[in-house]
Amino acid sequence: MSLRIGIDVGGTNTDAVVLDEADRIIARAKRPTSPDVTGGLRAALAAVLDELGDRSGQVSRVMLGTTHATNAILERRSLGRVAVIRLGAPATTSIPPLYAWPADLRKAVAAGAVIVRGGYFVDGRPIAPLDTDAVRRFLNETGDGVPVEAVAITGVFSPASGDQEKQVAEIARAELGERIAVSLSHEIGSLGLLERENATVLNAALYGVARDVTGGLRQALDERGLTVETFFAQNDGTLMAVEYAARYPVLTIGSGPANSLRGAAFLSGVSDAIVADVGGTSTDLGVLTGGFPRESAAAVEIGGVTTNFRMPDILSVALGGGTVIGEGLGPRSVGYRITKEALAFGGPTPTMTDAAVAAGRGAVGTHPVAAGERLSRAVRLADEMVIDAVDRVALGRADRPLIAVGGGAFILPRKVPGVSEVIRPADAAVANAVGAAIALASGRFETIAPAGAGRAAVIERAKEEAAARAVAAGADSRRVQIVELTEVPLSYLSEPAVRVHVKAAGPLI
Amino acid sequence: MQAAITLDDVAPLARGCAVLGTGGGGDVRSGALAASRAIREHGDVPLLTLADLADDALVVPLSGIGAPTVSHEMIHAEAEPDRIRDEIERIFGRPPSAVMSSEIGGGNGVAPVAWAARLGVPLLDADGMGRAFPEVQMVSMYVAGLPAGLVIMTDVIGNVVTIRPVDGLWAEQIARAVCVAAGSSALMADYVLTAREARGAVIENTVTRAIEVGRATENAADPLTALREALDAKRLIGGKVTDVARHTAGGFVRGTVTVEGVGDDRGRTLTLQIQNENLVALQDGRVLAMVPDLISVVDSQTATAVQTEALRYGQRVSVLAWPCDPLWRTPMGLRTAGPRAFGYDLEYVPVEEIGV
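Residue numbers (this note's numbering), protein chains in the order written: chain A, 1 to 509; chain B, 1 to 356.
Calculated from the structure, these hints are not laboratory results.
Take the hints with a grain of salt, since some may be wrong.
Claimed, not checked - Computed, partial: chain B to chain A, Cβ under 7 angstroms:
1. Arg37
2. Glu73
3. Met74
4. His76
5. Ala77
The beta carbon of each residue, even a glycine, is placed where N, CA and C say it ideally should be.
Throw the hints in and build the complete structure from the sequences for me.
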């Protein structure tokens, strides 16, 4: 009998669940997230292992969704010093690498930056022969005597051809030693040079953080005498093997919302739905399509840096269980102090939890809450916020259910216009951790294909590459499927062309 | 009018240019980054009117041409404007006295700040469109009857191509072929003008206007109303996007966007016809606004312009329309960029004469 543990490190709480082979939840725990992140993770892990008792030896896999990387970037902490190489001169010189970065983040990360001759045109011709001498010179001179910890390499149109980036990686290993960490943009992001370059540099800066997290998790598991495989959740709701996460730590950013959406799908058995994750301070609404989160089309900023990651399309509204009822409703929240502050816990502050309790939506707390005009008005206001938010994400479709998850899900109304029904699955409070535990492994690939002859072959190659990447991330090669294929037409080219994006996913081996 | 473009003006200019882009004109972000970097490097860019220039002073209208996806990936080379300037000096025996934006709408409204800063010359407070258009001949200089003179192009590599086309249509065709050979991105000077020729042949005050439009929505309590007032625009509808249909044809992205009304506009449906830019707005088959008047889709809350390529289901948007420059309403202006120039069998009616 083999068990697996899903852990989700959130801003407020760290949740852990244990699933058996039949995907039944047999243990669950919620612990406060500690300032060092790892402490809360160990506490939640210890709690579920204690609950398992003798069966803890049956745990064979641990899936972790964590905010370590996000926190490191936001706090400019534990970041590696990165040598930044762009292949594209004489093109691209009007905006140098890291130009729009916040000064303190640039200072924490950049060991030096250069644009060397190289890169490709949209049609695959080289812009210039790769200037390998300039690469060597830069690597030997950069860093002001302080060792460079990683190298980030970004070539123009590398998503269509990664050869030059690979060649520069070889040079970096030859010059700085076999063990130097190298981050290649064509493995990380899609078209859009500056955004992809930013993500590649952040990825390179996070190698140390990735080592700390994997080391911390490994140590916590060793202490319990567990030998398990570990996987990391990524921003699209799929998993990567620990070796893969060590190479692409930046992909762990944004895994929380994705996990909660995937967990909601699993707990409810519904794959097309709107999901509302109600926390203490806010409610995050997202959309599940075919069991995966709908992704945002807008550029994603991480720590003041624009990237082109695909993140779940989330609408956050300032409404949670701890939202304070004053003259109006919120946006202030009592947050984690709810068990001291709220009326239902004998505290002095009327909160949304109290209003929901008074309205008969849930039996929460230790003290009775008297109904009153102020509380019932708050319920009406909250319902209006939820209905409007649902309408915003529903895109005119009214035939899907709303799945309510998260610790504060009981505050939601029983009926919401614009959805077919409101589903409240069991264990909804730990949906994020469940989402991590049940996730698939995936891979993505993006390239440009001619719209006419040759299109089919290019798309076939893109599918194969995406599937190969899914297998590298841990998926079972026999069960990998193409789960997403988008083609966007491009304008102003000689030959009609399309930008092709493929995602493959499959269950873990 | 302000005396110069400073670092603080770049963000509002970019916001304003995005609105004047009427859905097209390319992304303003990389132009804004290049502009702010060039100002840091070379200093503020003086802003001039035509009256400030001697009759024989040369004005060089510049624009980046090519595929937006390409220019987002293969960013311009810093030295591109130098080569245009050198070629002009070689041909005319004197350097240009000012840079002008060929197209104020979209990224080509912002990037000339970077090019002027780089060359150390002032920017002319004018452009060739007062908005964005998809084709090279759709400029005020063509409409004003200036003979097709000179087109100078350069690419990221350093190649320089000088074209002496017989007319604007040929200029468009040859320039596009050169652009493709250059990797689908190039910098182009079209109609190098003397200040004398430019008078009456360019649309003045548009840089200032773009900055004002961008500034209007900064810190406004009600950005949408502030934007409408700054543009003196009609609101055709406030609603949400319920359908986006796109396809490419003849090198352009064409499509239709459907906006269903919310609030006061509940029950109404607006359809936008798009060819890179927003060209025609219809309700129940009735035209509410059409090219060359300007039609812009903006976020209902922030009043930020939404590019055609970024339109998607569920967005809360307002559609604004306002009159184009009078030059576009002349017979030649309408022949060049009226509804029929885009294949719509419609008689042009000015937007202010149509009731919503």
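Outcome of the hint check:
no.	hint	verdict
1	Arg37	holds (6 angstroms)
2	Glu73	holds (5 angstroms)
3	Met74	holds (5 angstroms)
4	His76	holds (5 angstroms)
5	Ala77	holds (5 angstroms)
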